[in-house]
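**Student:** Okay, here's what each chain looks like letter by letter:
Number of protein chains: 2
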Amino acid sequence: MTESVKLVVDAMGGDNAPDVVLKGVSAALAENSEIEIYLCGTPDIVEPFASSYDRCIPVSASEVIGMGEHPVDAIKQKKDSSIVVGCGLVKDGVAQGFFSAGSTGACLAAATLIVGRIKGIKRPALAVVLPSYNKPTLLLDVGANADCKPDYLVQFAKMGEIYMKDILGVVSPSVGLLNIGEEDAKGSLFAQEANSLLKAEISSFAGNCEGGDLVDGKFDVVVTDGFTGNVCLKTIEGTSKLMLRYVKDALTSSTSAKLGAALVKGKLTKLKEDINPDKYGGSPLLGIKGTCIIGHGSSNAEAIKNGIIAGYNAIRANLSASIEESLRSASSVKGS
Amino acid sequence: MTESVKLVVDAMGGDNAPDVVLKGVSAALAENSEIEIYLCGTPDIVEPFASSYDRCIPVSASEVIGMGEHPVDAIKQKKDSSIVVGCGLVKDGVAQGFFSAGSTGACLAAATLIVGRIKGIKRPALAVVLPSYNKPTLLLDVGANADCKPDYLVQFAKMGEIYMKDILGVVSPSVGLLNIGEEDAKGSLFAQEANSLLKAEISSFAGNCEGGDLVDGKFDVVVTDGFTGNVCLKTIEGTSKLMLRYVKDALTSSTSAKLGAALVKGKLTKLKEDINPDKYGGSPLLGIKGTCIIGHGSSNAEAIKNGIIAGYNAIRANLSASIEESLRSASSVKGS
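So the protein sequences, as listed, match chains G and F. Quick note on numbering: the first sequence equals residues 1 to 336 in my numbering. Quick note on numbering: the second sequence equals residues 1 to 336 in my numbering.
Honestly, the hints are just simulated from the structure, not real lab data. All figures in this text were calculated on a predicted structure; none of them were measured in a lab. All clues given are correct.
Since copy identity is lost for identical chains, a pair holds within one copy or between any two.
Result set (PhoX-like, lysine-lysine): computed pairs, CA atoms no more than 20 Å apart in a straight line:
no.	residue 1	residue 2
1	LYS218	LYS241
2	LYS199	LYS218
3	LYS186	LYS149
4	LYS248	LYS135
5	LYS265	LYS248
Make the full structure from the sequences, and use the hints.
**Tutor:** Given below as structure tokens:
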């Protein structure tokens, strides 16, 4: 029998915690019989819930880190918070991964400072799967590092490639650099230097990716600094919402349009679900020793379940070990 | 009788030049009786066309700068190109402004190097009106300066405010800084420093604008460096297109949806036009001595016409003089 995967879930994380988290945990346990969940949160929440499930172990944590708190200060001060206690279980090897829909900043800080970086990784990167036309595109970094050096992007490219291969099954993922022109010499000094390094070190590097190409499926992996990546991710989310709002307005602005709208409503609702990044289940933080998946604060139960399954998949695929291995082989090639 | 406005139009600029440009010129001349157009291009194109109009003066330029050419090299080598000759007319005071849907880079270079910056302006900025929810938002810089210093953004904010007031009639435009968090201390080192400077020097500064807020109408003017601005602009364009593609797919995926689609088609076509940035008529380059409006390469005749009218409005409003004046009053306040 396959050994089960042990994943910590932060019961207190997210705008609608703990209710939607508990629903998501139920759904994940029902869907996948190989997951064992360490449910971390205040005892009044986690103990009664866990007692109804075979594969759910309650872990007490008396404090909660709020969305607005300063990440590093919060994890230093709230040692008994669900995020700090949860990451501690991964550090100690009790569990192999951690999922939270709580404060992204606090999760990043805890994962980096408590679980720790893979040896040789300069900076972990937060990745997100974008809803490109009929195929996924992985964008990273989307916010772990507001300031980057060009060589970080080479490691982001390697980690992104491994994620697309091992988790999403893309055979030969292509890598693009987010930039403001297609030609190699275009862009900021940062982008020009990153372009040179990527060309020299990443064999699947396919050149610059302009903003418009982020969602047209031209590249499988797109690398950028965490500032530009985060702004773009939120711009895509905002523009998608705006467009659906405009479509809704257009469809309710005349009687014949309203009639038509009634006929297309089901399809548009499905579209809204399809383009929701939550369907891929949160953002993996790549480059840390264990697995860490960070869900959207507004996650619903389905998104929580998908995030837990994404954590399971990353652990099953030995993602973290593959990233470590790729760094080792790269340095041995260089050293030879 | 009001004196007419003299505007150079580049007959050779744009993916569909000269045909759509000539159609746009016709439409602009018909719509506005106070415009006089200096139509710049190869004689075989501009002479026969101009001979049919009272207020169209042909200007011969034997060369054309292509979309892929290196901007600064091209304007140095092709002295008899429509862009170089056209900007020369503004420099010499023959015309007050210039419109082109040709190479953005070459137009930026020619406007900056030939027409010249307003005294005291560190860097001119390219601005674009975004299709926010039911109101316009001005984003700048969207590509004139891939590398910026934080203090450039203070001038961008001033120029953006003046544009929104004088051209789009917004009474008290609010200014936001594109950033990756709402709190002042968030973001890259660049963004943190820009935030401090804007807070100190721009009374209408209303804080950080996240990517998602670019299109929700939260701010009237949003400032950023030309790299981030260009990536965001293209991301918005790409995401809008993607969404319309998904909507189209959804509406043709079943018989009842197809029936509904027939009823809503007119509304969706109108939406597509409404969100087209071309309806505001190209991007003004703010901070140069004359007026310079750069149209999208894919401009149709309507977009060309709107760009010409935008140039007319900027000249009529004395935009360039107002920007110069605002710098003078700012420095006299500082000096007092």
